[in-house]
Amino acid sequence: MAKDKKHNTEIVTKPQWFDGESVTIPMLQILKEDGSFHKGADMPEYDKDLIVKIHDTMQFIRTLDERMIAAQRQGRISFYLASRGEEAESVASAAALDDGDMIMGQYREQGALAYRGFTVEQFMNQLFSNEKDLGKGRQMPVHYGCADLNFMTISSPLGTQIPQATGYAFGQKMDKTGKCTICYFGEGAASEGDFHAALNMASVYKVPVIFFCRNNGYAISTPSQGEQYGGDGIAPRGIGYGMKTIRIDGNDVFAVLRATQEARRLAVEENEPVLIEAMSYRMSGHSTSDDPTGYRTREEEDDWKVKDPLDRLQKWMMNEGWLDKDHVEEHHAEVKAKVLAALKEAEKVPAPHIDELINDVYDEPTPLLKEQLEELKEHIRKYPDAYPKTSGRID
Amino acid sequence: MAKDKKHNTEIVTKPQWFDGESVTIPMLQILKEDGSFHKGADMPEYDKDLIVKIHDTMQFIRTLDERMIAAQRQGRISFYLASRGEEAESVASAAALDDGDMIMGQYREQGALAYRGFTVEQFMNQLFSNEKDLGKGRQMPVHYGCADLNFMTISSPLGTQIPQATGYAFGQKMDKTGKCTICYFGEGAASEGDFHAALNMASVYKVPVIFFCRNNGYAISTPSQGEQYGGDGIAPRGIGYGMKTIRIDGNDVFAVLRATQEARRLAVEENEPVLIEAMSYRMSGHSTSDDPTGYRTREEEDDWKVKDPLDRLQKWMMNEGWLDKDHVEEHHAEVKAKVLAALKEAEKVPAPHIDELINDVYDEPTPLLKEQLEELKEHIRKYPDAYPKTSGRID
Amino acid sequence: MAKMNLLQAINSALDLAMAKHDNVYSFGEDTGGFGGVFRATSGLTEKYGKHRNFNTPLVEQGIIGFANGLASQGSYAVAEIQFGDYIFPAFDQIVNESAKFRYRSGNEFDVGGLTIRTPYGGGIAGGHYHSQSPEAYFAHTPGMKIVTPRNPYEAKGLLLSAIFDKNPVLFMEPKRLYRASTGEVPEEEYTIPLGKADVVKEGTDITVLGWGAQMEMTEKAVEKAEEDGVSCEVIDLRTILPWDVETVTQSVLKTGRLVISQEAPITGGFASEIAATVQDKCFLYLESPIARVSGIDVPYPLCHEKEYMADHLKIYEAIKRSMNY
Amino acid sequence: MAKMNLLQAINSALDLAMAKHDNVYSFGEDTGGFGGVFRATSGLTEKYGKHRNFNTPLVEQGIIGFANGLASQGSYAVAEIQFGDYIFPAFDQIVNESAKFRYRSGNEFDVGGLTIRTPYGGGIAGGHYHSQSPEAYFAHTPGMKIVTPRNPYEAKGLLLSAIFDKNPVLFMEPKRLYRASTGEVPEEEYTIPLGKADVVKEGTDITVLGWGAQMEMTEKAVEKAEEDGVSCEVIDLRTILPWDVETVTQSVLKTGRLVISQEAPITGGFASEIAATVQDKCFLYLESPIARVSGIDVPYPLCHEKEYMADHLKIYEAIKRSMNY
Ligand SMILES: Cc1ncc(C[n+]2csc(CCOP(=O)(O)OP(=O)(O)O)c2C)c(N)n1
Ligand SMILES: Cc1ncc(C[n+]2csc(CCOP(=O)(O)OP(=O)(O)O)c2C)c(N)n1
Ligand SMILES: [Mg+2]
Ligand SMILES: [Mg+2]
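Going line by line, the protein sequences match chains A, B, C and D.
With our numbering, the residue at position 78 of the first sequence is 78, and numbering never jumps.
With our numbering, the residue at position 184 of the second sequence is 184, and numbering never jumps.
With our numbering, the residue at position 29 of the third sequence is 29, and numbering never jumps.
With our numbering, the residue at position 132 of the fourth sequence is 132, and numbering never jumps.
The hints are simulated quantities; they were obtained by calculation from the structure and are not laboratory data.
Built from N, CA and C at the ideal position, the CB exists for glycine as well.
Careful, some of the hints might be misleading.
[Said to hold, decoys possible] Below, in silico cross-link-like pairs of lysine-lysine (BS3-like), each with a Cα-Cα straight-line distance of 30 angstroms or less:
(1) K315/A to K338/A
(2) K389/A to K20/C
(3) K307/A to K14/B
(4) K305/B to K32/A
[Unchecked claim] Stretch by stretch, here's where chain C covers chain A in the computed footprint (C-beta under 8 angstroms, at least three residues):
(5) 113–126
(6) 186–194
(7) 368–374
(8) 381–391
[To be verified] A short, non-exhaustive set of chain D residues, derived as facing chain A with CB atoms under 8 angstroms:
(9) A19
(10) V59
(11) A67
(12) N68
(13) G69
(14) S75
(15) F109
(16) F164
(17) N167
(18) P242
(19) E246
(20) Q250
Extracted from the complex, chain A is given alone in its bound form:
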């Protein structure tokens, strides 16, 4: 497992100090902000179908986000968290993967899940915590998960999924699956101890994992530069771990595709863990609980609007003749209608049965849990009005 590299102990006799300036990591960009390619840029593998699917998924997610923020404002769901501005990161990276690869997200990667085929109904069932939710209504909205689609259930504690990705990839390697794991996280979560553990262990074990850092400039209200870290972002840390590392423009579908395709090859064919730092911007508030006007300026937000990943892709596709205004509008209208229909449907689905309260704590409910459930049911029978969600069908 261990690679036998020696430390660099070349001798100097005058102190040589290193610091953040000692390495300069540039950013890969293929599609310019104006929607045209850089001349001579290294292109990813792609065809029209792929790009159209990426586009449509990005548009779907953006529309879903908009509608659900509105639904939250109307009090129909309790919480929502949008990925506006970062759709290229999750969608185009998912597009570079095999469907058998495991995805471990932080919570802003609905794009990757949609790309994998999670249906609008499935999204809605989770968001409404109803009995059709794969997660049985146990976690807050946006904590999606789906074993069939190899999308690990999101958990709120930040950073925990990063060493888990290393472990998952270790299993994939040992089982000779030819698959890899991609692990998304924010530049904020990269401050957690788990990040350090994960990257160091991946580098030691040489497992097929892609660490995909979404550097969107903020962790809630905390700006990345100078308050989240003192160095030049996350990428230079990869060098410290002796790990293949690249920085890319996260708003450029082609840069994301290109880098992730190569990362996957490195991971799967050479068992090289890879760190990708994608530079982007969280265009919405952190979540529906947040109001970013308290900590950042309109100008800053506007500066980033012109870099919008979806606009940029659409410009290029239109130039290419792969998209026209009509399709955009039709698709938007269609998605919106689907979302609204699914929303209304999901709203009507009842909450999970009270018995689900004690299932899955263990593979089988323990005697004590069964006793606790029985007592609880007895109590609900006594006060049915106080527990309207479940009292109607307790037996």
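Position chains B, C and D with the ligands against the provided structure of chain A, taking the given hints into account.
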């Protein structure tokens, strides 16, 4: 607090991958293995007194270590942990500091403590957990601490002192003390999440702290290269944090002095946190509980013997006329006699009074603790023979 | 006096503490200029500068490690953990370091200036990770103090005590009550002693005990029970560690009955400690088993939150059961 | 059958588990070729290769994070934490992740293949950080199982159950007994069910309960008490979570008295949970208060270790007190 540096977003249009090879951090050495200076080397500030004090402290510690390993073998103490081979690191770095600077160690920095003036009696009282131990006999041998000497009490959990050092240095900066904190740790402990937290926070807050990593090739039985980390040691991580970083020969008193002197200046005058990686070798077993023949070769140990920091310094001092064989032998004999005398003395000092069992849990013992102590004393009175250490003077 | 909600009372305590001593620092994730996700630290940066109230990087083990170091240097370190559910990455720094700092050094060093503030508890549709009541995880740790207030007045007085207490204190803020609980609070500094439970209401038939947000549930239940003619003695534990054994046992010796309510899952909760101690100290006086009304042994749920909670109806039923035993 | 000490029994369980399935992995600090600081994993690298039994970097949160991921992938991950005292950096990965993995995903994913092995407990001159018994810190966490054996036979059977149990298990090894406890152990595979306490000895006057290394102390105390003519029923809890309420309460219903001994500090220890539950379920049958014999509320000491420990004399005295109540 935050510095307003921008990310590097220089654009490239072809993927540029970085990895461990992207940076090459050489090692500062001033005094060669043969005991002569590299020509044209950058020298630290030093004079004869300083070097003699460094030397005598190194020799003291080596002798103390030898004697106490023997004492442990004889069953006189329960545990010991030597710093053989790494004396230059702790002693010469302490020599570069102000006595008012805080030292936070891991457990193998007895050299720094001795340099500060901890007496042989103080060492012994701790090692014998007797009632004169400043730590009141509560921790295992080698967990020294002394507020008067600004040497923070050692705690066994690895890595915990690293973010504490960042916090301590923050207080020093805010209080405008003109002092700094030095924090020692092993390359093994640098894998802990606390390391990552500490360096990142120090880089954000720009506090006067020197992170001094003793890379001695092993964490108990785990070799550093390829099993503790996959990159080129600890130093390149500093670049990721945007922190002033240097790699030095840890067996070279002059390199340690030179680097730590400059680190202190950077820390105190410019509020620049600094990372020093000192390359050395743990010449003894990890502790008296360990037998390294189970995991490393004689040859490897021999390879390092020729790099011995004390031999190297002595060669140079003798050449310089600052030391002669007689002094070495006399000093050794003198230290040995002192150690043995102190050992015999400390052995006779009784264990702390049973009342100390409940002191210092809080600033004042709680009612419950007092009740627990009373019950315990009652019990000891009933079975005095079962608790011979304390039953003799319980009231 | 001024009308304040619980958040404002906390903010006022922080403000006064920082005004009192230059070396009181407040920090945590998003606690800087923005004032924290609940706004408990708002206005402090404007008033005391960005070196006194500031953001940390997103790393709880670092926040507490840093705070331990800062407190050991002699400063007052008031660290916020954004949600009690996210305190666990700092568990080692708390139970192995903060709690043992003074003891292990023979009093050469201490982190008495450390206070960890964290919002805790459920009832806000927060699911597994925005609802936990982790007090019992810490209450097995000699060296720590654990405090939780039930209303704004208590919050301010207890937090001021916690900040200047000579021991590390975990101060748990009932987030469900942040804005819901309001009351008259003195504008100036005052303290409420740690380690002393509060007999909120005297009574003779049964003792009903709780802490933090549970007190609201408890008081509602007691109202109902009193309507039935049961005279309840209500106690707010206030300090969970070290807890006030004396006040609680005195009460139970008088009433002969005890109901304890807590938000956390029942198994291994702090109510168990109280029950174990009280059955020992009041054995011959107990007229019915000590009842624990509590969350059940599942991760804090979302869609079944209402069913899960130890609400006033469940406490009321427990009082009745105890009376009718 | 072969004579084994507790370490050898553990090693044998690991060996058989790894032989049985290719996807059983064993790892931790120094657990690779060297075989761990206590040598529990020795020989496994030679037998199964360095990809099946290996060293990790020195990072407990990483070890358990990695293990969670590996288990979620469908493998059996057997992770060693070098000392129970060093498990706390992994606390978040255990209580927020391992324990909730299945529940939060609606059973889409689980880490049933996870087993965390860790040596625990005192009596070895280890001071604060090589002596702790942290079971109670974890026992407040629905979703985890916690198991501890009292002797080599139990160790092997319980560890094999733990490894192949469909839930994450924390397996605590009484390090004081690693070499001190020996006995006849079958060489082949066998299992002992989790969740079932063991009535080690039947008796009629009093129930004496413990787990892990405490059982040795308990048995010595009981010997002494029986000499006085007290008939003791001795129970080894074996599984701390979920614990066997039925067996314990049945015994107390019969004897009317209960002494529980644990190594950890008394406040917030697991003995408190048992006492709280038993006083509730056996209220009318109890003839004396349930006694907890336990460490006192200080960090595990070094020079006063003997005084601190819940030794056989203290248990014996508690039995007498309970009988004479
Ligand atoms: C361990 C932990 N600490 C704190 C939080 C609260 N929290 C949720 S999101 C967030 C910011 C995350 O920022 P980043 O990682 O940059 O991701 P982004 O939201 O920008 O996508 C914080 C502090 C949490 N969920 N988990
Ligand atoms: C948190 C924690 N985990 C594990 C240990 C056990 N342990 C003690 S020393 C050690 C190795 C440390 O190696 P390194 O940091 O390189 O320091 P060195 O001993 O080489 O000086 C280990 C694993 C510990 N003390 N603390
Ligand atoms: Mg971010
Ligand atoms: Mg080392």
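Please flag the earlier hints that this structure goes against, numbers listed from lowest up.
-> Structure breaks hints 2, 4, 5, 9, 16, 20.
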